[in-house]
Each structure stands twice: as structure tokens, then as C-alpha cells.
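> From first to last, the protein sequence lines stand for chains A, B and C.
Per this note's numbering, the very first residue in the first sequence carries number 4; after that it's consecutive.
Per this note's numbering, the very first residue in the second sequence carries number 12; after that it's consecutive.
Per this note's numbering, the very first residue in the third sequence carries number 61; after that it's consecutive.
Source of the hints: derived by calculation from the structure; they are not laboratory data.
Positions of the beta carbon are idealized from the N, C-alpha and C atoms, including for glycine.
There's no promise every hint is true.
Claimed, not checked - These stretches of chain C come out as covered by chain B in the derived footprint (C-beta under 8 Å, 3 or more residues):
id, region
1, 208 to 222
2, 279 to 292
Said to hold, decoys possible - Some chain A residues flagged as far from chain B (calculated, every beta-carbon gap over 12 Å):
id, residue
3, ARG80
4, LEU98
5, LEU130
6, SER188
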Amino acid sequence: MPSSLKYFLTRLSGSLVTMLVGTIVVFLVMKAAPGDPALIVLGDYATDETVAAFNRKHGLDAPLMAQYLDWLGGLVRFDFGQSLSVSAGENIGDLLLYRLPNTIFVGVYAILIAVTLSLVLGTLAALNRGTTVDTSATSLAVLGVSMPDFWFGYMLILGLSIGLGWFPSYGFTPPSDSLAGAFYSGFLPALAIAAPMAAVFTRTLRTALIENLDREHVMVAKAMGHSGRFRFLHHVFRNSLIPYITVVGLQIRYLLGGVVIIERIFGINGVGSLMVEAAFARDFFVVQACAVVFLGIVLAVNYVVDLICAMLDPRRVR
Amino acid sequence: MTRSTTISRRSLLKSGAAATTVAMVPFWAGAAQASCSTLRAGITGYNVINTLDPGQMTLIPEAYMVWGIFNCLLKFDEEMNIVPDLAESYESVSPTVLRFKLREGVKFHDGEEMTSEDVKFTFDRLRDEAFGSPHRSKFSAITEIRTPDDYTVEIETEEPFAPMLSYLTNTRTGSQIVPKHILENGSNEEFASNPVGTGPFKLVSHEPGASLELAAHGDYFEEGLPKVQTVEVPLIAEESAGVTALLGGSIDVTSTAPFADVPELEEDDRVQVLKQAGTSSRFVSLNNSVAPFDDVHFRRALSYAFDRQAMVNVVLFGEGRAANGIIPSSISWAATQETPELVTLNQEKALAELEKSKYGAGTEATVLTWGSSWWKRFAEVFVLQVNQVLGVNFTVEVSDSGTVYQRMQTGDVQASIWGWLGLVDPDEYAYEIYHTDGARNFEHYSNPEVDKLLEAARRETDLEARGALYREAEALAIEDCPVLPCFESNVHNLLAPDVDGFVQLPYSAFGAQLAAVGNC
Amino acid sequence: MKLKHFLHNRTALAGLTITTLFLLAVFFGPMLSKWSSNQHDFMNALQPPSWAHPFGTDSLGRDVITRVLEGARISLLISVSGVFAAMVFGITAGLYSGFHGGWMDVIVMRVVDLLFAFPAFVLALFLMVALGYGVTNVALAIMLVYLPIFARITRNMTETVRNDAYVQAAQVMGQGTPRILFREILPNISAPILVQATIAVAFGIVIESGLSFIGLGVQPPTPSLGVIMADGQEYFRRSPWVLTLSGLSVTVALLGLNLLGDGIRDLSDPRLKVRE
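Model the full structure from these sequences, guided by the hints.
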């Protein structure tokens, strides 16, 4: 088997194992959580009989192992069971299916903004090392990571929405309705999520570029007479891309965290806002479904990032 | 106040099919249009709709939608008089029998005709213990329902039952007429998410926690209604977000307004503000069956320990008035007229009652509240004041409205911030909250004398005498402080400048009024 | 790392200055204020910033700056205790697994991978549902978010130094494993851990404010930065200063911590790059 294929498969199986262990942990933690789903839902009408009937209906009377396997079997088919309280009786899979595209759209949008900002600022800073440009860019970056994203979101509302009236402060047009509308109504939330990420990306890119600019093979390329522009693009940028992309992948973990509050503030019907509502309503089934979905997204993105890095730098594979 | 962006916003929506939430206006949009086919009526401050079955509804956003999808035998007109709705006329045959003549040719959304059988079925279903309706106790006085022909219904009660007419109106009483032919063999669960009524609007889609879409009922019995073809109802949990959505042109009507913003909005020509004193009651519900609220002296101490007018100022930013009891002052014939001493701040008496109580300073308790708007501040203002005056150590726990209501029902709560809006009969406040068997007596309060007076009030058909009985009952109940009445809040609707035809009633008639909205 | 170098590094100096001022304000500021954090004055609600109330008053007429300082102390204590617990467990696990390798390393790293695969805030939110709201559980959530970071850094650093001469010398001299790990290895790899700790305390504050902001963390009337911001958010249109100024204070405090972390990193090892 070629070593690259083997690498991909090993990484894939690693991710799958993590996913599997993750579902077990999520399941067990939710089982241990205080509060009986039957009592939460039935309330006043909870008698021994109705509780038993409820548990039978939701398969909660089976042994723990059987319950888990049943749940896991459902997950594979994107069947998460039924919501308890946040929208009682609704199929959780349907709830997620409606919301997932919104979350993904806003997440990708935020990454695009962060990447664009950081490519500009990071490159400018590295090429003008030690100058005012560099200091400004790095200062901006430190400021970016220091602002709580939800507070920054409100500052954007204050300035660009209430103040200047350029953007809506609330509500989101799903991309399936209107792509232009989604880009427009999603701009402020995406920018709020992007700010701290852009800061981290900028710092990473700046450091990597500076390091690679000093590298020997750049010197060699110079000696061989390539034009300066080509040298910069081809060697430096390519070599700086790996740490940069790795960091982009790592940031997914923070990005998706930011999505949770930002979705709520801007009224985006996404998986994050669903999870918060389910948390309030103590809807255990929806909370655990959301947790698993986020877990899946992070693992998938990390896997893709690994693949990209491996393609950029085949030495990694071995 | 310009509305230059209408067309492109509409076309934007059109491409959006059913799942649209709050649609946004791109800043590059142009052109103008006068009337509209799609009304965007945001439910603000709430985003939980668990059921659209009138027999099961409890939360106000559920009622908002039920009012537009169903009709009752009777309704309130713009002057708050009870007038016929599905009934053409009604008469009192004897003190215990009401006879209704139904309109002919009224169609359910599926095209079937509504007849007296459906009316009988509706009330039998509400009274059926197995159905478990939260409104059951309102109709348990009914002994028999007769249907001499397809268009005549007679409702008989064992004794004269004074609140009956209010309970048959299209309000939060659950008496909306449901189709027998669907529910006879169909499942209640299915109906809760796919309701079929006679109302001006039928449900097209419901995205839980996000939005609903309604469409005009073509066969609606009232000529010329509804005026709009489609109603989109985004559920906007944050009231302040509703304001920005309205100002930004993404919605045309809101169901509430944030109290803090009302003065500023009244000055703003981009919005019409409708407001009036609401038929509402906001209180602190104490679980009388658990410590420390099982001690009447402790409850009295609490009642003396906070300033209700300060609450109105701080929580409502002045948009309301301090309460005298739990029967709203707008039901003037039954409400307590003079503020009882126990419903005013009196630090000395508070401490004296605390002295007599088996609980002292330092007592701990959790006050449950919900949401993120003024409900949370309500709890905080209460807790801060009683902590300061009595030296107790209360804390606040924030949850969502559905959970708080569930926990109140199960008794899994010490104290909670709660309130009712849009209940129209004093019986719905006094009997259902103070009576031992009251449907919403989550306080587990029981006082035989109060019970007796409330039962007598139900039998009394003379309005003035009936009102006196409620006052007497409430005076006794207030001595026991099962709940701590705090204030009544104004009801508000925000409308875009061009919207007309929306009539606000003190019970916050949101969904019921959408049919008459012409321009938007 | 000498003090002189430290003071000559602009980043480190700025970070240290801001952080020190922040700590002084948080621990001594409330004493100087003539108000207390829960002292309400309904007649003076929502007053804009003035000399008497530099950050204005909130909806209950409480002095916002006093509440911010008091709240910052609570948020800081929650974050520090969460991060401290994460360090204790994470470093121990990292040292042992990096030093010994083998099956223990595999298990520790699997757990770390798993915790890493959850978005930080989602993990915190999930734990709040499972454990219930409140101060202790917020700290616990912060611990679980940072545990994998400390474990991974410590393990990787330990692996790189475990064959160094001083470690082998200690082994030859017959020192016990705990002594080697904590007395020989740990001091030599402490700089990157310290950098992480500084940054973690900053982000711990963000997690606390986030949870409390949506109402799932610290419960009112206890002030924490998140609780104060949540309150300010409710009447943001009418009185934007409560949310704006309390959030600005958080930003300045985090700026101090982040600069301090950067400064330590620059000084301890110029080769260490920004990774997180």
C-alpha cells in the first residue's frame, strides 16, 4: 500500500475511534446528569404508569448498553430520536437538518473573513518587520484576541447597525432562501466570530513568513536569480502555509464555540442557538445530539486540514 | 419613515419558500409598493410554541397563533363586549342553560362544515380527564351538552355558572372549536402540530423555535377577511431584537415592545406604538408546601419587604402600575380597589412578621425566573429588596419559560416569578390560583373560606354581587400571602408606519387581529 | 530570564503594567468606592457616566464600576481556580506520559484528543447542563477545557528533554521518577507552560463571561463580568454604557494578560512560535 494512502487511512481510523469514544462519553455524562427526562416532560401527569410508558416509548427502560447501541445505531442514520422539551416530539434530525446549513454558512463565512484579513495583515507585517506597519498589525492582533466575541458583536451592532444603519442587528436569511441575503445578514455575526481568529492567524502567518524569509533556500533562490516576487510567493509562502493551515484547523475548536453565543445574539437559527435553548429547557436528547454534531464537525475539519498539510508537504506522511 | 425597499424584500421572500425566518433588506434595494400580500408579524419576547391544540395551550405565544387558526362561539369586540362569533346568536333559556344558534356554512380548513357536533365534541374533549387539558376545570361545571339540530347547541350546567360566557370567547380559555371528524379517530399529538380550525388562517409550516407560516383560509366565513394572503411569524426571543427588526423593515408587527425602549419609540416616526393598560397580573409565586414558604408569617414578612412602585419604575421603566391583588384592575368590577396594607412596603411590619416566623434572617431560597428580558430583572429587584430588608439570603435562578412552568406544575420549585396576561375573567385569576382545586394553584394554597367564596362567585349571575364576592375572597387570600402580587404591565404592539387595521385589546389580542390588517 | 531583560521588553512591560493595575483595581478598588456592588438606588437607575459614577449606573441604580471590579474579582477567581486545577492534572499527566511513553501515553493522548475535539465553549455548555449551573461548575468546565492543552504541551516538552544529559544524570544517581519529573524536568520546561497559563486565565474569563452572559453560569445577584454584561445587554439601546464599558474593562484586562504571555514567550525562547 502506498504510504500516503496508509497515512490517510490511519488518520481516518484515528478520527473514527475518537468519534466513537466521544459518543460513549457524551452518552454516559448525559445519563449521569441530574433530572429524569420522564419527569421533565410529564410534569404534573407523572404517575408510575405514565413514566413507565414514557420510558418504554423512548427506549429508556432497556439496559444501558442496549440504549447506547440503539442511540449509536440511530446516529449513523442521522436519527437522533425525539426532542423532549425544546420542541417536544419533534424529530431531532429534522431540527438539525434545518439548522446545520446556517451554522456551517456562518462558520465558513467567518473563516473566509479571518483568512482574508490575516493574509493581508500578516504579509504586510512580515514584509515590513519592525516598522510602524508591523507594530500596528501586531497590536491589532493582540487586541483582537482580547475582546470577548459576543461583546464585540454588540459593539458592531452599536456602530454599524444602530449607529449607521448599514446592517441588520438581528435575524438571518438562510442561504437556501437567498445567498445574497445570507451574506448580507450574516456579515456582522461572521465578523464578530472572525475577529479573534483573524488575530491569531495574523500572528501565525507573520511568524512563519519571517522565519521562512530567513531560510537558506531562499538565499539559494536569490543566488539563482529568480525574481524577488516569484521567490517570495513560491518558497516562502508555500512553506509558511503549513503552520498557517494547521492553526486554522486548530482554531475550529474556538470558532465553533464562538458560534454558540453569536448565533443567539444575532438570532441565527443554528445548531449553537439550538443547543443553548435545549440547555435552558433541559432537553437532554437535543443537547447530546448537538454535542455529537459539533464533535463530528471538528474531527472532520481536522482530518481535512491534515490531508491538505500532507499534500503540501509529503514528508509528513512518512 | 420611508419604505422604499418593499419590492425587493418581497421578492427576496418569495424565493424563500416556507423556511424563511426574519428576512433582511439588502441596502442596495430600491422601488416601492403600497399594499401587501405577506404580513410579517413577529412574536417577540418568546420563542417556545409547544402545541397549537387549543385544548392543550398554556403559553401566550401558543394562544397568539391559536386565536388566528380557530374560532370560538363568542369573542370580544373592540370595546371589550362579548359578541357572537361562530354562534350567530345566543340566549339564556334558564339560569343553568345557554342556547346557541350557530352560523351556517362555516368551513374548517379542510373544507368540512362545522356543526353542533363539533361544538359538543370540543367540550366533551376538554372535560375528558384522559385528555388532561389545563382548561378542564373551567368546563367541569357543564353537566350536559345537547345538539337538537346541526346548528343549535345547548350547554347546561348543574348550577348557574357566571364565568361561562367569558370562557366561550376566543381568548386563552381553550374553548376554540376543533373538528370532530379529524380528532375522533386521529391522534391528539398529530393535531397539536397540524391544527385544523375554522379561523381566518391555516397553518402552513412551523419551524420549532424559529418561525411559523400561515396562509389565508379561502372559505373563511367573515366576508372580506383575511385581507392578507400569507402571514410569516418569526419567533424572536429577544424583545429588543424585535425592535431592530421592525425598524430595519424586516417585520411589520411585533407582539410586545421592550419597556425600556417605549418612550424613545413613541418619538420615532418610523414606528407606530400602540399601548394600553393590559389585563395582566405579575406576581411572585411561592410554593406554600415547602420551606421556607410553608410559614404564613414568613410569607407576610416578604410581602411587606418590597416596594412595588419601585418595581414598576425599575422593571417596567414605568410601563405599568403596582398591583392591589392578582385580579387585574382593568376588570374593575371585581378587582380590589384600595391597596391592602399587606401589599405595601412596611419595613417595621416586615421585621415583626419575620420575628414571629420560624425562619429568620439568613434563610436561603432560590427564586426561579426565565428569559433574558425584564423577567430576570423582576426577580433580581425582588431578591435584592427582601435580602436587604429581611437579611435573608435569596438567590435567582434563570431558566426558560417552558421549564419554569413545568417546574411549577411539578412543584419542583421554591419560589418563581410568574404572571398571566390575557385572561379575561376574574375567575381565571382568583378561582384558578386561590382555590384549593384551582387549575393553576401551583402554590398549593388551601383556605376553605376562600374556596367557599370563590364557589359562590361562580354561581352568582349578578355582576356587582359577583364582584363583591371576588373582593371578599381576595381580601382573605391576601392575608395568607400564597402569592405576592407585584404589578400589572401595559401591553404594547409596534407597527410599521403603513400598517393599518390592527386593533389592540387589553388582553393583547395578537393573533386574533391579524386577519383585519390590510396594509403593511 | 532576568528581570532586567524583562523590563526592557516592551510587550512584557506593558502586559505586566496593565495586569498589575488590573489586579490592584480589582482587589483594592472596591474598598475605595463609596458604593457596594449590590447597593441599589431605584431613584438613580440608568444614570449615564459621571464623576460620581464613572461607568454610570445600571437598571437598579447600582454603581457599574464597583460592580465591574467586584465582578472581575469573581470572574478572575473562577478562571484562576479552573486553570490551576487544569495545570495540576494536565501537567502531571503530561509529565508521566511524556517520560514513560507506552500504553499510558497512548491513553492520555487519546483522552486529550477527545477533549480537544470538542469546541471549547460547547464543552463548557455541555458540562453546565450535565453538572448544573453555578460558580464551582463554571470553574470545573474551565478546567476541562484547559486540561488537554496543558497535558499536550507538557508531554511534548517532556519527550524532547527526557534524553537530555541532566535527566540521564539524575537517573544514574538513582533519583525516583517523581523527583526527576517535578524537580528536574518541570523547571526546565516551565516557560511555555507559564505562557499558556497566562493566556488560559484570559480565555477562562471569556468562558465564564460567555456562560454567565447567556444565563447558564454565575447567577444574579452575584456579580460576575458575564452577569453584568448580560444585564447591560437588556437595555443596550437605551443605556449602551453598561455593556460597552463593562466589556471594555474585560478587554483591557485580557489585553494585559495576553501581552504578558507574549512577553514571557519572547523572552524565554525566541524560537517558540504562536500556535494557539
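> Next, verify each hint and record whether it holds.
Each hint, compared with the structure:
1. Requiring three or more residues with a Cβ within less than 8 Å of a Cβ of chain B, the coverage given for the region 208 to 222 of chain C is violated, as only 0 such residues are present.
2. Beta-carbon proximity to chain B at under 8 Å applies to 6 residues in the region 279 to 292 of chain C; the threshold of 3 is reached and the given coverage holds.
3. At roughly 21 Å, the least C-beta separation between ARG80/A and chain B is larger than 12 Å, which holds for a residue marked as non-interface.
4. A cut-off of 12 Å between C-beta atoms contradicts the statement that LEU98/A is not in contact with chain B; the least separation is 7 Å.
5. Against the 12 Å criterion, LEU130/A stays outside the reach of chain B, whose nearest CB is about 35 Å from its own CB.
6. Not every beta carbon of chain B lies more than 12 Å from that of SER188/A, the smallest distance being close to 4 Å; the non-interface claim is violated.
In summary, the numbered hints that this structure violates are 1, 4 and 6.
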